[in-house]
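For the record, the sequence lines run as chains A and B. With numbering that gives the first Met the number 0 as the guide, the letters of the first sequence map in order to residues 0 to 345. With numbering that gives the first Met the number 0 as the guide, the letters of the second sequence map in order to residues 0 to 380.
There could be a bad hint or two in this list.
[Stated by the list, open to error] Cross-link-like lysine to aspartate or glutamate pairs, in silico, EDC-like; alpha carbons within 20 Å at most:
no.: 1; chain 1: A; residue 1: LYS139; chain 2: A; residue 2: ASP194
no.: 2; chain 1: A; residue 1: LYS39; chain 2: A; residue 2: ASP296
no.: 3; chain 1: A; residue 1: LYS272; chain 2: A; residue 2: ASP246
no.: 4; chain 1: A; residue 1: LYS315; chain 2: A; residue 2: GLU331
no.: 5; chain 1: A; residue 1: LYS174; chain 2: B; residue 2: ASP58
no.: 6; chain 1: A; residue 1: LYS31; chain 2: B; residue 2: GLU31
no.: 7; chain 1: A; residue 1: LYS31; chain 2: A; residue 2: GLU102
no.: 8; chain 1: A; residue 1: LYS214; chain 2: A; residue 2: ASP187
no.: 9; chain 1: B; residue 1: LYS318; chain 2: A; residue 2: GLU184
no.: 10; chain 1: A; residue 1: LYS83; chain 2: A; residue 2: ASP57
no.: 11; chain 1: A; residue 1: LYS39; chain 2: A; residue 2: GLU184
no.: 12; chain 1: A; residue 1: LYS39; chain 2: A; residue 2: GLU102
no.: 13; chain 1: A; residue 1: LYS214; chain 2: A; residue 2: ASP57
no.: 14; chain 1: A; residue 1: LYS230; chain 2: A; residue 2: ASP117
no.: 15; chain 1: A; residue 1: LYS150; chain 2: B; residue 2: GLU239
no.: 16; chain 1: A; residue 1: LYS31; chain 2: A; residue 2: ASP241
no.: 17; chain 1: A; residue 1: LYS139; chain 2: A; residue 2: GLU226
no.: 18; chain 1: A; residue 1: LYS29; chain 2: A; residue 2: ASP320
no.: 19; chain 1: A; residue 1: LYS29; chain 2: B; residue 2: GLU31
no.: 20; chain 1: A; residue 1: LYS335; chain 2: A; residue 2: GLU312
no.: 21; chain 1: B; residue 1: LYS229; chain 2: A; residue 2: ASP148
no.: 22; chain 1: A; residue 1: LYS150; chain 2: B; residue 2: GLU31
no.: 23; chain 1: A; residue 1: LYS139; chain 2: B; residue 2: ASP139
Treat the hints as calculated values from the structure; they're not laboratory data.
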Amino acid sequence: MFKYLKQLTSLVAMVAVLFTFTTETMAAKKSKTLKNTQKKGFVRCGVSQGLPGFSNADAAGNWTGVDVDVCRAVAAAVLGDANKVKFTPLSAKERFTALTSNEIDILSRNTTWTLSRDADIGLTFVGVNFYDGQGFMVRKNSGISSVNDFKAGVSACTNLGTTTELNMRDFFNSKGIQYEPVTFEKADEVVAAYDAGRCDTYTTDKSGLAAQRIKLSNPDDHMVLPETISKEPLGPVVRQGDSVWEDIVRWSLNTMIEAEEYGVTSANADSMKTSDNPAVKRLVGAEGELGAALGLDNEWSLRIIKQVGNYGESYKRNIADTGILPDRGPNELWTKGGILYVPPAR
Amino acid sequence: MNIKKILPQLLTLLVVILVFGFFSYNAQINMENRGITFGYGFLSQESSFDVQFSLIDYDGSHSYFRAYLVGLLNTILVSVIGIIFATIIGVVVGIARLSNNYLINRTASVYVEFFRNIPLLLQIFFWYFAALRALPLPQDTEPMFGVFFLTIKGFFVPAFVWNNLDVFIYSIIAAIISIIFIRIYAKKKQENEGIQTPVLSISIGLLLILPILSFLFGGVDASVEIPVIKQLSQSGFTFEGGIKLPPELISLALALSLYTATFIAECVRAGVQGVSKGQKEAAASIGLTPNQVLKLVVMPQALRIIIPPTTNQYLNLTKNSSLAAAIAYPDLVLVFAGTALMQTGRAIEIVSITMLTYLSLSISISIFMNWYNKKIAIKEK
Chain A
0 MFKYLKQLTS LVAMVAVLFT FTTETMAAKK SKTLKNTQKK GFVRCGVSQG
50 LPGFSNADAA GNWTGVDVDV CRAVAAAVLG DANKVKFTPL SAKERFTALT
100 SNEIDILSRN TTWTLSRDAD IGLTFVGVNF YDGQGFMVRK NSGISSVNDF
150 KAGVSACTNL GTTTELNMRD FFNSKGIQYE PVTFEKADEV VAAYDAGRCD
200 TYTTDKSGLA AQRIKLSNPD DHMVLPETIS KEPLGPVVRQ GDSVWEDIVR
250 WSLNTMIEAE EYGVTSANAD SMKTSDNPAV KRLVGAEGEL GAALGLDNEW
300 SLRIIKQVGN YGESYKRNIA DTGILPDRGP NELWTKGGIL YVPPAR
Chain B
0 MNIKKILPQL LTLLVVILVF GFFSYNAQIN MENRGITFGY GFLSQESSFD
50 VQFSLIDYDG SHSYFRAYLV GLLNTILVSV IGIIFATIIG VVVGIARLSN
100 NYLINRTASV YVEFFRNIPL LLQIFFWYFA ALRALPLPQD TEPMFGVFFL
150 TIKGFFVPAF VWNNLDVFIY SIIAAIISII FIRIYAKKKQ ENEGIQTPVL
200 SISIGLLLIL PILSFLFGGV DASVEIPVIK QLSQSGFTFE GGIKLPPELI
250 SLALALSLYT ATFIAECVRA GVQGVSKGQK EAAASIGLTP NQVLKLVVMP
300 QALRIIIPPT TNQYLNLTKN SSLAAAIAYP DLVLVFAGTA LMQTGRAIEI
350 VSITMLTYLS LSISISIFMN WYNKKIAIKE K
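Same shape as in the complex, but just chain B:
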């Protein structure tokens, strides 16, 4: 270690500390001057505001911390839904862009160019207010399959009412664990004896049979609760019972998926095109079927190109979900950095918690995707 190497490092560290020190000192002085106190004690106080849509039991008599959890879970919910749909749409459109069929190819291109070049906030407004204009009032709606009701006040779907739900869940967990073991066994068998086991059919069978057994012998019982229309006033109606998905959630998830899917589609297209033609030809020449070529040769290599930029898109989607505040979807920003901030006036505390939360969410997604990326990377032997 010589001084030339250490000195720049030390200077950088010093500058960083000084900058942070200056800002926190400045904030402290200014807050003191204005009689603003600092502290996180408010988190345990009663929030006294209600939230439209919550995954956990919550009302205004709970604490601000509970309101934070409500917002966080809603953010995670819309992000997960968005990521799943964006991935499905993205993969389909990405592959469609490579299609030799002119119509499919062009349609996919137009979709990508259109949706990725319009600001997301506008798209969210469009889907929300378009949905509000287009959807029928509860009294005018036609049921889908007799049990689903899509109305301006939300999408009402039947709910399951369970007896012994835990036994049912255990049966599914048991099925998943056995599938994992069967896969390991099948892989070994193929490596040792070269015989392929029909893992897929066995897996599906297990996933069906074990839960059915739990119904027959485990005392599991489920009945369906169908939403029923309810009159609120001479012209106002709503539905009661079942599960209600608010229109805000639906339009936000729709906008986020359609927007992010365009970027994922481009990642997929780039990934598949990035696998050299020689690989496919070589695979075909040793007698692999087209399906096997895609599954065993093209996709494993394409995924290595697709995963890193797609991770970015997942992160973007999660962060973009904070635009929910514009259309009344009660996410973290609306509930916590919105209502809670304004009711308590604790701007610094709440904004810092919110920032840390988004940071943690993004880092979690990154860590998972990096793990997956490592898993599928070329293993030098």
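Chain A with its partners taken away, still in its complex shape:
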């Protein structure tokens, strides 16, 4: 009796689904995060406690940075307004717990994508918005011009609980150099301790070194060594188990990069609707039904480009024009000698 009842109900359900079938409601039904975000009216985004160029708040509380722009892109796509984001500043220690315990929905906080983080602790990395690598900062008058000049007994200041700590060990071990790691919970204390002379070198991601150097008492007395000792692909993270939300964040980021590739900017996005190139037309929502697959309307990508801009604009505004890293290095499009290469939006 129960067996039949079960089959009957599933049949009824299937028929009901067929009748009310639209991909939009399907996606919205599947994604709890999307539904909650639309209900709340803002995207909950975890950012750093202040890293210029990536996520940094000004005196008025306005957040800027390339990490911030990822969250803004998602807000533009999902809610139609790039400003509907609630930013939560998080320490390196708090960030994953905040995400897994539902305090935030996107973690966009210069976080390195590694296997164990991706697979082990209930997180999913959706892409890379900045290719970084770990480097060293030293005093210019030390005469050190390469990582090969370090000698046993060197003390290195860094942040607690980041991949930096592990890379540093691998690096010094491979060189056979005994070293003294001095690890602080907050970046400001690392800078202060290095500045005072507690450490011979300050090591973290090179973008971080460039950004923090400005905070030193005499930035010109310090330099970043040319070598990069690790791969640090930084990217946004979401909770595991909500594949629709994951797709939305991934493709919001990809849209920004692809828009740059096709020369679509915040200024010309509207006029691109009549472009001859079908790829460009798809990108601005003039062709195809790509938004529906994500549970969104068809203008979602156009809004991202118009309100946030493409990746190149975001980079220029936040990182190049602020003097942090004027040279895009690997963060240049693949067509221009970099390694930014995203799957096609079609």
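Place chain B on chain A using the hints.
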């Protein structure tokens, strides 16, 4: 037993069980939903991070459990140093507050009011960054007594290099055991015959003579290893050899002792003031010297008032040492609940272990202090 008595007990128990059950069930469901596994297996995995300062042999090739021990020992180290110095400073300042000398009295009061009314974290930052600003670079430092070097990178002190260290330690243990026996004997002798034995001089003599004998006949030999300056780069220097006390340890111990000493000073003052004047006068009237009055009459009674609140201060100091994470002293919170937590992502496991560890530390201190308190309590005869 009637039902009126049992029912509230049962209800309380039920509520406690329900609350705990709800929270663990909730955590379990949420962890399952997010694909987070639970387990302590990670403790035996390789930690792959290094620690600045460790009392036991450790590097990144050891396990997370070993990293836990490193953090625990560092916490115990700074707590023990803090408790010793806080007690010394506290007793001195507490007695100074009772002094008739206006200047001493006022200085002690100002010290107490100043240090106990500023948040501890601020004091830790102050001592750490003040020390970093004030201390010289290794190449600029002037040696103290030719062998101690206080620099921004730490306090470098000479180390002893021992031969047959075990014989030396045995000689000290032997000295301590004989002192205990002599004390028991002296007490008996005084009770039976009323004759006092100079226990203190005999004890000091034993503590000196036995180790010296171990040097002369036991094959014990110690040489001193003095720190030597070492150039790392054109402008960077450090010291090699000897023992290095990191500036983080020094400033943390300093901040903890100075802060906690203010509270202990108040306990001491209250304790001494709590002994009634009549006791002192009575003791003096039976012909005890002022020293004997303090030692035999005032202090034993004052200690009964001082010990319980001082125990609290010891517990506070131990727990406050967890603020070490702010200034890079590798204590339990920084190493285990910090780096290890972030590398493994096992928040629930690591935080629960850390909480249990602090609980055990506090309970151990409590048990010891309660034992001591019982020992000095009035024995009704």
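Please flag the earlier hints that this structure goes against, numbers listed from lowest up. Violated: hints 3, 11, 18 and 22.
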